[in-house]
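Taking this note's numbering, the leading residue of the sequence shown gets 44, the next gets one more, and so forth.
Since the hints were derived computationally from the structure, they do not count as laboratory data. The reader is advised that the hints may include incorrect statements.
Claimed, not checked - Just the calculated beta-carbon pair ranges, DEER-fashion: (1) Ser-270 with Gly-112: 40 to 46 Å; (2) Asp-195 with Gly-301: 23 to 29 Å; (3) Asn-254 with Thr-173: 16 to 22 Å; (4) Gly-301 with Val-114: 46 to 52 Å; (5) Val-325 with Ser-225: 38 to 44 Å; (6) Ala-249 with Lys-145: 17 to 23 Å.
Beta carbons: idealized from backbone N, C-alpha and C, even for Gly.
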Amino acid sequence: MRKIVCAVLALCLAASMAACAGNTTSGSSTASDSSVTSETSVSQEETSSDVASEDTDSQSSEEGSEASGEVLSYEEYMAAELDSEVTIQAYVQAKQSWWEDKATVYLQDQDGGYFAYGMACSEEDYEKLTEGTLIQVTGFKSEWSGEIEIMDGSFTFVEDGDTFVAEPLDVTEMLGTDELESHQNEKVSFKGLTVEASTDANNNEAAFLYNDNGSGADGDDLYFNVSYNGQTYTFTVESYLCDNTTEVYKAVTALEVGQTIDCEGFLYWYEGVNPHITSVTVAE
């Protein structure tokens, strides 16, 4: 019985030793694997960190490049896709309005005109946007009812920039042609136009209307019709650009049907030619 017990004990002891030996080997292997895994993880983390750092540096570089904006020529600006971000340099020709830190201005360079609508601008800077001042504008090229403009833009003054005030381009003979639209937003002039009757919402005729249907009053936009070579066009005195204290506003409210007039203004576009007029002279 004791032999049997001893044999059993011996067998148990042998099994126990074998188990210990197996556990020792397994533990050593696990520790080694853990070390390799740890080193691999560290290496992967360092590699990922380096790649992330490089990506961040690259992204920052790209963002910085985009922020600076490549200045486009007028031709490149006109060729740019709608809704794309654009950067241009041009000279202030007229300020239309300022409201809640946003300005709307007419700009022009030696090659063409621009209309910057709702450009971020403090009231202090708005006062500095004098005629001829060179600025750099970055915004999005957009179209509204045919009018090509720069929207949601921001600007900076070009330090030591020169000045430029455009002379009005006589586009009278371009009326009714496709060529006229290529001068959109430029400072232009029209010669020898005939004042035609405008009709309000109640079919009353007059030489001009307050608003496009006659629903307005003194201080609102003025609309008046003119003809040339048998075609009639609607011109506008934009009240934000030229209010009721200006000479042009007073001149238009004094017009008579049948008069011959010369006009100057900016070649705005709304469902066709719709100039914002800044000067009207009745022919002698």
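Okay, the hints, checked on the actual structure:
Checked against the given bound of 40 to 46 Å, the beta carbons of Ser-270 and Gly-112, roughly 43 Å apart, stay inside it. Our hint of 23 to 29 Å for Asp-195 and Gly-301 is violated, since their Cβ atoms are close to 44 Å apart. At about 30 Å, the beta-carbon gap between Asn-254 and Thr-173 misses the expected band of 16 to 22 Å. Taking 46 to 52 Å as the suggested C-beta distance range, the pair Gly-301 and Val-114 conforms, at roughly 48 Å.
In this structure, Val-325 and Ser-225 break the distance hint of 38 to 44 Å, their C-beta atoms being roughly 30 Å apart. At about 34 Å, the CB distance of Ala-249 to Lys-145 disagrees with the hint of 17 to 23 Å.
Hint check: violations occur at hints 2, 3, 5 and 6; the rest are consistent with the structure.
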